[in-house]
Each structure stands twice: as C-alpha cells, then as structure tokens.
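So the protein sequences, as listed, match chains L and E.
Residue 174 is where the first sequence starts when you use the numbering used here, and the numbers rise one by one after that.
Residue 174 is where the second sequence starts when you use the numbering used here, and the numbers rise one by one after that.
Hints in this document: simulated from the structure, not taken from any laboratory.
Each hint should be verified, as a subset may be incorrect.
Identical copies go unnamed one by one, so any copy, or any two together, can satisfy a pair.
Okay, derived cross-link-like pairs now, DMTMM-like style, lysine to aspartate or glutamate, Cα gap no bigger than 25 Å in a straight line [unchecked claim]: (1) 298 / 321; (2) 466 / 528; (3) 298 / 310; (4) 298 / 221; (5) 466 / 286; (6) 298 / 453; (7) 466 / 533; (8) 298 / 437; (9) 298 / 262; (10) 466 / 310.
2 protein chains.
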Amino acid sequence: MSQPKRERERSVAALVAPDILELLETEPGSIAAETEEFHPADLADIAEALPRELVPRLLTALPSARAADVLEHLDDDLRAELLEEMDPERAAVFLALMTPDERADALEEMDEEVADEILEAIPEKERVETERLLQYEPETAGGLMTTEFVSVPENQTVEEALAAVRLIARAGRREAMNTLYAVDARGALRGVLSLRELLAAPEGSRIADLAWSEIVTVAPTADREEVAQLTSNYDLIAVPVVDAEHRILGVVTVDDVIDVIQEEQTEDAQKFGGLEALEEPYLQTSVLALLRKRSPWLLVLFVGQMFTAAAMGFFENEIAAAVVLSLFIPLVISSGGNSGSQATSLIIRAIALQELGARDWARVMRRELVIGLVLGLMLGGVGVLRVILWQWMGLYTFGDHYFLLAWTVGATVVGVVLFGTLTGAMLPFLLKRIGFDPASASAPLVATLVDVTGVVLYFTVALLLLRGTLL
Amino acid sequence: MSQPKRERERSVAALVAPDILELLETEPGSIAAETEEFHPADLADIAEALPRELVPRLLTALPSARAADVLEHLDDDLRAELLEEMDPERAAVFLALMTPDERADALEEMDEEVADEILEAIPEKERVETERLLQYEPETAGGLMTTEFVSVPENQTVEEALAAVRLIARAGRREAMNTLYAVDARGALRGVLSLRELLAAPEGSRIADLAWSEIVTVAPTADREEVAQLTSNYDLIAVPVVDAEHRILGVVTVDDVIDVIQEEQTEDAQKFGGLEALEEPYLQTSVLALLRKRSPWLLVLFVGQMFTAAAMGFFENEIAAAVVLSLFIPLVISSGGNSGSQATSLIIRAIALQELGARDWARVMRRELVIGLVLGLMLGGVGVLRVILWQWMGLYTFGDHYFLLAWTVGATVVGVVLFGTLTGAMLPFLLKRIGFDPASASAPLVATLVDVTGVVLYFTVALLLLRGTLL
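Hey, can you work out the whole structure from these sequences and the hints?
Okay, structure coming up:
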C-alpha cells in the first residue's frame, strides 16, 4: 500500500504548527482569521502537533463553534483531557455545540464525576438528548447514532415538507440531512426518501405516495457490526435506528460506520497477530499498556510450547540414538505452523466478511483437505530432495541411512502440513461454535497447537521407518 | 465478532429462493410484482442462491431497469458471465441503465472482445462516458469515480441552481446528488456545497457566496487508498476527482470507498497470514487458484527454514554431547516467532492506518527495545523455573548440570524474544523503505527469520555457559 497522502498531511501539520505556535505567543487574536479556511480535521491535526500545554490556548483563540468542530476531530483521549481541565461551564458550551453523537462519545471518555458536572451545565434540550444517547452501550447502534435527523409526517404535501426542511436547514443543524424519514401519526417510520427525491417530486403530491417502503432499520441494541454490514450491503449513507414500535430514535451516519469498520479490522488484525486488541493507536498506547496486551498471550503460548519440550523429552532416547533426526525438527514443525497461518487468515477474514457462515465448515474442510494434501506433497517432496541432494553433493553427511531419513522428513512434512492446514481452517469455526471470537485463532496459537503434534508425528514416523537402522 | 445479521439474511435468501424458483417455473410473469418491494441487493442475494442456469430467467422476468439494479449488486464474476452469455444488444440495454462506474467495472471484468461488442451497442452518450472511465486503472480514483454528479455555475443565483437541480433530479439520474460542485466559466472547481446548504441559502444570493472554499480533491491517478483516507479523515460522502486544470472529472462516492476499505483490509490480512491476496471471496476461489496463491510463500518459507537445519547441523556435535539441549529448541525459537508476530501485526496496521510514517521507525525501535526486553525477561524467567521445577519435582531428569541448562534456556529466551520483537517491528519499515508493501512482513516470514537466529543464539549461549560441564 502507498501512503503518499498522510505523509504530505503530516508534514503540512508539522509545517504549519510552528507558525501557529508563533502566532499563539505573539498575536493570538489573529489565529481565528489566519486559520479560517482550514478544515477542522486539519486544525485538529495541527493541535495534536503542538506542545500539549498550548492546545487549550489554541481552542481559546478560536470562536466557540469552530473550537467545537476541532474538538470533534481531535483524538478521543486528548479531547477528554482538555474538557476535563476546563471550567465545566466552558466545557458545556463546547459540548452543546458538538453533534449529539460526538457529545455523548466525549462524555463517555471522561471521568464520570467531571462528566456529570459538565452535563449539568449543558442547556436542558441538549442535556436530555445526551442522557438518552448515553444509556446505550458504545458498541451498539444506539451508542453510534445521532439524534439529528429530519422526519416528516407522511400526510404532508411535498411543498409543506420542503418548507419544513428549509426551516430546519436554516436553523443551522449540522448533521447530514440528505435522507428524510416519513413517519405516521404515531411516529412510526413508514418510509425513507432522499432530499433529491423530494425535490424531484411532482408538486402537490403527498409524502406517503413518494416514500419508499423498503426500509432498512436496526434496533438500538444491535451490534455496531450489524450496522456496518447493512450500510455496506445496501450502499446506505445513514441507517435509521428504531424502537420496538418502529419509532425512529436516531440515525447512524456513514462516517461513523467507516470508523467502525476500521476499528473492527484493527482489532481483528491485532488478535490475529497474537495479542489483545489495543484501545488506542500504537503511539498513544503506553509501554506498560502494550506489555499488558502482549504478555498474557505470549505466556500462554510459551506454556503451550512446553508441551513440545515434554514431547521431545519423551523421545530423548531416539534423539540420542540418531542425533541427525533433531536437525530437521524446526523445519518440519514450522511447515505446519506456516500452512496453518495461511488457512486461518483466509477463514477468519471470510467469516468477518460473512462470506462464510458457521454451516460452511464441512465444505471448507473438504477443500482444505485437498489443499493441505497437495501443499504437503509439494513441501515434502522438496524436503526429500533436500536431504538426498545434500548427501550426494557432499554438503552434509547424514550417514548410511540418509535415504530413510529423507523419507522420514518427507512423510512427516506431508502429515504436518495437512494437519496444520486443517487445524488452521477449522479452529475459527470451532471457536465460533463454542461462543468465542473466531478472530482469536491467531497465527501463533495455530503454530503452537501444530508444533506439539509435529514433534510427536515426526518421531512416530521415524520409529516406523528407521527401526532396525538408525533407531 | 457476532454475525447475527448475515445468518438471518442468508436464510432469508435461502428461504425465498425456492419460492422464486417455483414461480420461475410456473408463473414467471408474476415475479416482477411479487418481488417489487425487495431491495435490489436482496434480489441479487436470491439470484446467487438460485441454480446457476435459472439466473438469466430471473433477469428476463424483471423490468430492464430493475434487472440492471440487480446486476449492480451481483457478484462480479457471475455478472460478467451473465452479460457475456446474453445477446450483446440486450446486455447493452442493461449496461446503459447501470451507473457509469458500475458499467465500466462490469465491462472491465468481461472478455475484451465481448466487452467491445457490447460497448458498440450502447447509446453514444453512455458509450463515450464509459470509454472515458475505462481509460483509468481500476485501483485509482479515476477507476472508482462515477461521472454522474451535479455541477452548478458559480455565478448562478440560488433560485437558478435549485431549478437546475430539480430538472436533473426529475430526469431520473440515479447517483447521489447530495453534494453540488460550483464551477467557474472555465469549468474549474471553485467550491462544494450540500443540497441542504442550497436549500438553507437566503433567496437571491449567488452560489459563489455560498460555496465553501475548502475543497478536498484527488487526481484521477491517485491510489484508491488515498481516496479512502480522505473520505475517512474529512467525513465526506463524495470526493471530487479533478484534472490538472482543476476541472471536475467525476466523484467517488462513499459506498465505493467502503468497498475499497474492506478489500484493502482483506488483502492485508491474507498477506499477513503468509499468502498472496486472493482476487475473489474464499468459496469462489478454485482449489487450484488457492494452491497458486498459497504454495509460493510456503515454498519460500520452507527453503528459508532449511537454514535452520543447516545451523543445527553446524552444532551436531554439541547436540550429540548434550541431547538434553535439543529438547528446548522448539520452545526457545517459537518464543521469538510469537513475539515477532505480535510486533509485526501492530506495526503493519498502524502503518496502514497512517498512524505511523516511515520517519517513526526510531521511536518505534526505542519502545520495542524496552518491550522486547521486558517480555523476554518474563518468558525467560518462566523458562528457568520450568527446568528447575521439573528437576526438583522429579518430573524429568536433566542431569547434574540442570541449573546451567536452566540458565542457558532462560538467557536464550531473553535474547530471542528481544530479537523477535525488534525484527517484527522493524521489518515493515524496512520493506516500506526498499519499496515493498510493509504488509508483506507476514507472521510466518518473521517466524522463519527469527528461527535461524534463535538456533544460533541458543547454541552460542550453551557453548558459553556449558563449556567444561555438559559440552
């Protein structure tokens, strides 16, 4: 992947930050005008590049609505810190200017007592709205949704609806208003139409005649992944969240869905690497927190690997009798780990994208059986050749029975690759079945599981093939 | 992750497909009416669940515009096959009804000769548009963009622009029209405004006074990842694509960006698992294609692991003198692979999300040095305890020098974990530096690199600590 953009952007923020720094120290009054044309996301990047103690001064130098925009784009932790440090009255002013979903997210990240104090200082309408959003778990549709959406009574005419929309637009509400929700007298969602469809509608027609009846909705308790899946499946820019009576509670907008997709993917990638998912970006995670996320799995895997040592101990006499056998142990067992890692990464991702469901395990097993066997025969063949060629070319002396040794290595590799492939492919299904996250089937876990089996298989094959010769 | 939705959806498609199947055989004329309320994405799911030979019959049973909608949501390969089989005139009708970007994508997937024949049969306006889109590489902004967007002259008044937008909306163009692009007399992009802002604008004002001047644009040759990054950074629902003269060529819409994000992540996950990225979903990839994607890396890694065998051969005399040493080889080397896998997954993902740039390598190295050392000391300590406790508890007899053996294992684990962590963390930076994809630093590659070093380190430490005793 290429990342030209971010490189550029980082340097823009890095380039502009010193200028802003100078202005903050000499002419703070000119900052608002100087940065007027900046996108709030860029101003947030600049704020993050400034020395930490100057960020509050930057926010003070901006008009409140602008500062609230910058806060919306700021890193979660930094935002929580800044708001906690402020006078609660002032924090309340900024929060009231933020979109309802970002406001709730910001409060969620803060110390609870401080958050309560700030919430008290927020105007009643916004406070009630925020308290309603705060009752939902952050990882659900309710926790993601915003309450800024536009609903129109279905019995209105197009002109009435358009006039109402205009009024709302002029009132300066900020969330996207591209989709309108038609509701009946009880407030139940009856249809969805785009602003464009409203504009295209013949004059005098009623909303009920226009609004599409195919509506995709979610419950507020739905997992955020379900929301992401719907958005991606149906190419939506907003998903309405409805209660049991089909009354619309809010909407989840596509920008938040993109964040969800990226966060979920990051979690899966980190789990597959064999650690607990981080809550913050790498550089913002302390060394101590990184150790806490990484050490438990490493210890579990280390203890798991001790079974390999135990298995090897069981065959100590065979190793003593034929030391040459031990030379190929890492080669043999790693081939199982590698083929298992391939299969696991394929299956975990296919399950995450919902290309594979729990019921597809048997189909996957049949395919992977063939693939594991062919891959095993390929690698096993190379293994056999390696031993024979080295002996012939005089690169190494494996003794009189090098041919049998070659067959031992080759046969074991076939078995280990087949076993590794099947273990790697089936483990995610098994974990899902017993209620765990299939993404926990990490590459190191598969490798560790396969290593023990590899050792046992290797010496068993050796005992069968080499008895009476080397053993 | 939980996947309740897709489970449900799969069963809906599976449940409904037999009914559709029956209707296709008994009353094909009623299908259009029976499925009228279905979302095209759902109808596409149903089509995919039908026996392959019946899919063309389903398309025939639907009105053309509806069939075109279903084709837009269908799996790429199936769609290409269906269109190739059709009479070119008929395929041209469907293609002309599709959005320009989907039309170009569909032609891109087809056999070139058939595609040319179909293109000939498409009405001129749509054909020219499509040919323009086809000149861009599929993985660039130009390859992703649609040419259906609405631009308004900046010197128009709000009323004129609104009337023009209404006309376009009534003409039934289908792509999202939520964003309007203000252009000057030369056609250069001057500003962006939402339909909502147009509605909110005071009557009589001119577009030039409304349109924002902060415009985020990309070149048609920009990598699709850059488009995804801009969309996600600035919370956009469409990114305008402009030429060198800043004239707008098209827009990339957010639904395509979501697909890009998911595809890129799938590629990265598969590469990290140690295989070449697949072009199609797992179940649609043939066993032969899977073997082609998986065997090259497995062979490379297998050959790489042969160096471990060579390294072990170098120490054959030491193994023969102290067989007990060999028992801990898998344990010792795997601890390096596991800690390397953790570090690599963290760094690759942070680079993909552009949280880390090429210049951050030294900072990362300093952090990982501390982390690797602490993790190494933890695991090494457990390793020392393992040997000593097993000996004391009589679980295994390592001989008189078990204490020295314990220290050999412990010291090696510290070194191997530290080396594995640093290798895993630095490899993505190194790959990026020399022009490769940092995501190629797969878990198996890191493990293989670390294994050879682990073996050498283990026997070097053993020679230092056990000389005169075991060796």
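Hint-by-hint comparison with the structure:
1. 298 / 321: For residue 298 and residue 321, the Cα distance is within 25 Å only inside one copy (12 Å; across copies 40 Å).
2. 466 / 528: For residue 466 and residue 528, the Cα distance is within 25 Å only across copies (19 Å; inside one copy 30 Å).
3. 298 / 310: This pair counts as within: shortest intra-copy Cα distance 21 Å, inter-copy 51 Å.
4. 298 / 221: For residue 298 and residue 221, the Cα distance exceeds 25 Å both inside one copy (32 Å) and across copies (49 Å).
5. 466 / 286: Classified as neither; 28 Å inside a copy, 55 Å across copies.
6. 298 / 453: Neither, since 32 Å and 50 Å both go past 25 Å.
7. 466 / 533: Between copies only: 21 Å across chains, 32 Å inside a chain, cut-off 25 Å.
8. 298 / 437: This pair counts as neither: shortest intra-copy Cα distance 33 Å, inter-copy 42 Å.
9. 298 / 262: within (16 Å within a copy, 59 Å between copies)
10. 466 / 310: Result: close within a single copy only, 23 Å intra versus 41 Å inter.
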